[in-house]
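2 protein chains.
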Amino acid sequence: EIIDAIAAFFTESGRKPLAGKRALVTSGPTHEPIDPVRYIANRSSGKQGHAIAAALAALGADVTLVSGPTRLPDPPGCTVVAIETAREMLAACLAARDAAVPVDIAVCAAAVADWRVAGASDRKLKKDGGGPPALALTENPDILATLSQAGPRRPALVIGFAAETGDVVATATAKRARKGCDWIVANDVSLGTTTFGGTDNTVHIIRADGVESWPTMGKDAVGARLAEAIAAHVAD
Amino acid sequence: EIIDAIAAFFTESGRKPLAGKRALVTSGPTHEPIDPVRYIANRSSGKQGHAIAAALAALGADVTLVSGPTRLPDPPGCTVVAIETAREMLAACLAARDAAVPVDIAVCAAAVADWRVAGASDRKLKKDGGGPPALALTENPDILATLSQAGPRRPALVIGFAAETGDVVATATAKRARKGCDWIVANDVSLGTTTFGGTDNTVHIIRADGVESWPTMGKDAVGARLAEAIAAHVAD
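Protein chains in written order, with our numbering: chain H, 4 to 239; chain B, 4 to 239.
To be clear, the hints were calculated from the coordinates, so they are not data collected in a lab.
Here the structure is a predicted model, which is why all the values come from computation and not from measurement.
There's no promise every hint is true.
Unchecked claim - Cross-link-like lysine-lysine pairs, in silico, DSSO-like; alpha carbons within 27 Å at most:
#	chain 1	residue 1	chain 2	residue 2
1	B	Lys19	H	Lys127
2	B	Lys130	H	Lys178
3	H	Lys178	B	Lys129
4	H	Lys130	B	Lys130
5	H	Lys178	B	Lys178
6	H	Lys129	B	Lys19
Said to hold, decoys possible - Using C-beta positions, here's what the derived DEER-type ranges look like:
#	chain 1	residue 1	chain 2	residue 2	range
7	B	Ala139	H	Gln152	47 to 57 Å
8	H	Ala211	B	Asp203	53 to 63 Å
9	H	Val172	B	Asp170	36 to 46 Å
10	B	Gly154	H	Gly122	41 to 51 Å
To be verified - One-sided excerpt, in silico: chain H residues whose CB lies under 8 Å from chain B:
#	residue
11	Gly17
12	Arg18
13	Tyr42
14	Ala44
15	Asn45
16	Arg74
17	Asp77
18	Val84
19	Arg90
20	Gly133
21	Arg156
22	Arg157
23	Asp170
24	Val172
25	His236
Glycine included, each C-beta is placed from N, C-alpha and C at the ideal position.
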């Protein structure tokens with residue numbers, strides 16, 4: 004409640020509590036090529052990540068948004084870097100992290116593909132009567148874990164997302180420890196929920212000191228509330 | 004040249020040469036689920052298929068457009084059936100074919116996934132430390148071949164598309180014979196071309212009596228010229 008009160012104060016006062024802070028936000032899906040025409044994708048619309056980027060910019064942060072393919076307009080006040088694959092997203096994030104001005108806040112909201120196709124083909128795979136091709140997968144780089152690694156360039160606050168089915172809070176709590184990030188925003192993407200692609204979101208904020216479960220609200224509202232919580236944390 | 008002259012006559016006169024004809028057009032990619040959040044897709048934008056549907060409707064045809072996920076608005080004057088997977092597209096096409104009013108013209112412009120994932124998971128696949136999952140693929144139904152099968156409900160004119168790399172005309176000519184369709188519209192989707200997703204297209208029309216290569220033009224213009232060629236053929 005204290006954090007909420009501070010956040011409400013910032014918002015109502017029109018102050019820019021994140022002025023002078025640099026934020027890196029990832030958003031959207033990644034597309035991992037199979038051949039020149041096919042790829043593996045996921046149902047992320049980018050709405051939540053873009054909303055967070057816009058909300059951080061509205062609070063005064065200098066925001067770099069690294070985004071996979073979405074149908075969304077660029078959020079106002081953000082520098083947008085468009086990428087397709089997880090490896091391209093990692094490269095863009097590291098370029099931002101290692102730029103002259105360090106990143107204070109990193110929010111990894113993108114739904115990065117865990118795997119890519121090993122040895123994607125330069126030619127379109129054909130039905131040749133010999134049965135379907137084998138799709139050998141290989142693990143993609145872990146962008147959240149990479150940004151969470153200790154070091155002089157580590158952002159002071161690294162926030163990951165967990166898109167989970169099943170026991171969402173328990174799985175996301177384990178993910179927070181495994182990745183080494185500071186907060187995890189966990190949401191339920193089971194079949195039947197409309198989190199992926201929809202306009203609403205129901206999230207749990209998992210921090211070292213416990214779990215805060217927010218009511219279902221629009222992704223814009225989640226973005227605003229998260230940006231306010233970030234501003235309150237940074238002000239501590 | 005005779006066909007072109009007839010087509011130009013139709014267009015300039017404002018006549019509706021396809022009035023009373025029913026057309027089925029497929030467009031866009033299909034999305035084949037891997038698990039609740041991931042899927043296999045392809046780079047089809049749906050621009051060419053949607054342009055053909057609009058052009059056929061403009062010439063008076065009663066058009067049913069069966070389309071995978073695209074960013075495009077519904078073309079004017081068409082009945083649009085939205086699907087995601089190849090199996091859903093086949094079902095929608097067969098429903099149209101077997102409706103009370105038979106289909107006279109079928110244009111299969113969709114980039115249907117050749118393969119889907121066998122046994123797609125109900126739960127999100129996780130990185131469990133045991134290495135990437137094996138993605139077993141299985142062949143999807145062949146919508147063009149199905150619509151081309153002889154029978155009382157076969158449309159009088161069935162047109163397929165071939166998105167090829169390499170020797171485009173030879174490969175598409177073989178495809179025409181293999182599928183049993185009447186015409187193939189072949190285009191080159193090699194890396195470096197912008198056919199997939201772009202606004203222009205360079206096509207070859209492969210018929211029983213030979214190959215007609217059209218100059219590069221906008222996808223709307225390809226759609227209009229193809230609709231005119233269809234109208235000229237139907238008028239024969």
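* Numbered hints the structure breaks, given as an ascending list -> 1, 4, 5, 6, 7, 9, 11, 12, 17, 18, 19, 20, 21, 22, 23, 24, 25
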